[in-house]
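Asks: Residue strings, one per chain:
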Amino acid sequence: MSRSNCSDAQDEYNKISKLLEFRLPSKYKMIGIITASLILLFLMSSKFFGDIAPLIKDVLRTLILLFLLLASLSMDSQEDEFSKYIRFQSFKIAFVIAISYSIIIPLLAFIFDLLITKITGDGSINFHQISAFEILFILLGIQLLFFETLKRFGRA
Amino acid sequence: MDVHNRLKIERAEFNLTQEQLSKRIGVSRQTINSIEKNRYVPSTILALKLSELFGKSVNEIFILDETD
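Line by line, the protein sequences are chains G and L. Numbering follows this note's numbering, in which position 125 of the first sequence is assigned residue number 125; successive positions increment by one, without gaps. Numbering follows this note's numbering, in which position 14 of the second sequence is assigned residue number 14; successive positions increment by one, without gaps.
One chain only, chain G, in its complex shape (with noise of 0.2 Å):
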């Protein structure tokens, strides 16, 4: 490998690693959380009090996202390698169970519908469809609830 690749795959390398570092101050972690539980709330007491346009209940579910991804991305308050680590384990576990729930549960209500409507027989068959706001909900909700019970197990 010639000098200049050498030095074209670590730029390349630096950047990468740039943005795998990439985390926000710790206090988002706070804001984050609080705010995407408020409009949860707002959003389950609206079935009691009337529905809310659809259009509204779209952008508050992406604001849901948006504020547990800034959890997500933000530095513990004593950030060092074992945080790292737990954050990626913790990655690890919500991925596979995200991919997970999005296979099972179509295939249960499958099951479930196919023996429905065979036994009451009315009418066809529905592939029940896991909208993507439930899989990032579940793959961001799990991923903060795994590392904070990771970071209780090190102060055990």
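Among these hints, one or two may not hold up.
Unchecked claim - Below, computed lysine-lysine pairings styled on DSS-like, alpha-carbon distance capped at 27 Å: (1) K37/L <-> K56/L; (2) K84/G <-> K49/L; (3) K23/L <-> K151/G; (4) K84/G <-> K18/G; (5) K18/G <-> K49/L; (6) K151/G <-> K92/G; (7) K47/G <-> K57/G; (8) K18/G <-> K92/G; (9) K37/L <-> K84/G; (10) K23/L <-> K8/L; (11) K23/L <-> K37/L; (12) K84/G <-> K15/G; (13) K84/G <-> K8/L; (14) K49/L <-> K151/G; (15) K23/L <-> K27/G; (16) K49/L <-> K23/L; (17) K23/L <-> K56/L; (18) K151/G <-> K8/L; (19) K37/L <-> K18/G; (20) K92/G <-> K56/L; (21) K15/G <-> K27/G; (22) K151/G <-> K47/G; (23) K37/L <-> K49/L; (24) K8/L <-> K37/L; (25) K18/G <-> K8/L; (26) K8/L <-> K49/L; (27) K84/G <-> K151/G.
Keep in mind that the hints were calculated from the coordinates and are not lab data.
We have chain G already, so just place chain L on it with the hints.
Replies: Same frame as chain G, but now just chain L:
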């Protein structure tokens, strides 16, 4: 590959609390606690910092399990 360590013993010999040790090497107390309980294997950099602090080689503080 499993590794166990003598960090708790070394820390006791130097009469340091987890908090004091963590401050001296610039990590959190959770990190020290997790290493002592064999829940986390530190990076080479951290292992070298500990080695320097206790004046012992990394091999004397971190020991590979015999099965490995």
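Asks: The structure should be examined with respect to each hint, and the outcome stated for every one.
Replies: Now for the hints, and whether the structure bears them out:
1. The suggested pairing of K37/L with K56/L holds, with an alpha-carbon distance near 20 Å, which does not exceed 27 Å.
2. Using a Cα cut-off of 27 Å, the hinted pair K84/G and K49/L holds, with the two alpha carbons roughly 18 Å apart.
3. A distance of roughly 18 Å separates the Cα atoms of K23/L and K151/G; the hinted pair therefore holds under the 27 Å criterion.
4. Using a Cα cut-off of 27 Å, the hinted pair K84/G and K18/G holds, with the two alpha carbons roughly 14 Å apart.
5. Taken as a hint, the K18/G and K49/L pair is honoured in the structure, with Cα atoms around 24 Å apart against an allowance of 27 Å.
6. Annotation: proposed proximity of K151/G to K92/G holds, straight-line Cα distance about 15 Å (limit 27 Å).
7. About 11 Å separates the Cα atoms of K47/G and K57/G, which keeps this hinted pair within 27 Å; it holds.
8. Of the pairs offered as hints, the one joining K18/G and K92/G holds, with about 20 Å between alpha carbons and a cut-off of 27 Å not exceeded.
9. Among the hinted pairs, K37/L with K84/G is consistent with the structure: their alpha-carbon atoms are about 18 Å apart, no more than 27 Å.
10. Of the pairs offered as hints, the one joining K23/L and K8/L holds, with about 16 Å between alpha carbons and a cut-off of 27 Å not exceeded.
11. Distance hint between K23/L and K37/L is fulfilled; the C-alpha atoms sit about 19 Å from each other, no more than 27 Å.
12. Restraint check: the Cα-Cα separation between K84/G and K15/G comes to about 18 Å, which is no more than 27 Å; the hinted pair holds.
13. Between K84/G and K8/L the alpha-carbon distance is near 23 Å, which keeps this suggested pair within the 27 Å criterion.
14. Between K49/L and K151/G the CA atoms are separated by roughly 22 Å; this keeps the pair inside 27 Å, and the hint holds.
15. A C-alpha spacing of about 22 Å is found between K23/L and K27/G, which places the hinted pair at or below 27 Å, so the restraint holds.
16. The hinted pair formed by K49/L and K23/L meets the criterion: a straight-line CA distance of about 12 Å does not exceed 27 Å.
17. With a C-alpha separation of about 19 Å, the suggested pairing of K23/L with K56/L holds against the 27 Å cut-off.
18. With a CA separation close to 20 Å, the supplied pair K151/G and K8/L stays within the 27 Å bound.
19. Note on K37/L and K18/G: the hinted pairing is violated, with a Cα-Cα distance of about 32 Å set against a maximum of 27 Å.
20. Under the criterion of a C-alpha separation no larger than 27 Å, the hint pairing K92/G with K56/L is inconsistent with the structure, at around 35 Å.
21. The straight-line distance between the Cα atoms of K15/G and K27/G is roughly 26 Å, inside the 27 Å bound, and the hint therefore holds.
22. Taking the CA atoms of K151/G and K47/G, the gap is about 36 Å. The hint is violated against a cut of 27 Å.
23. Between K37/L and K49/L the alpha-carbon distance is near 19 Å, which keeps this suggested pair within the 27 Å criterion.
24. With a C-alpha separation of about 9 Å, the suggested pair K8/L and K37/L falls inside the 27 Å cut-off, and the hint holds.
25. Of the pairs offered as hints, the one joining K18/G and K8/L is violated, with about 35 Å between alpha carbons and a cut-off of 27 Å exceeded.
26. The straight-line distance between the Cα atoms of K8/L and K49/L is roughly 15 Å, inside the 27 Å bound, and the hint therefore holds.
27. At most 27 Å may separate the alpha-carbon atoms for a hinted pair to count; K84/G and K151/G meet this at roughly 11 Å.
Going down the numbered hints, you'll see the structure goes against 19, 20, 22 and 25, while the others check out.
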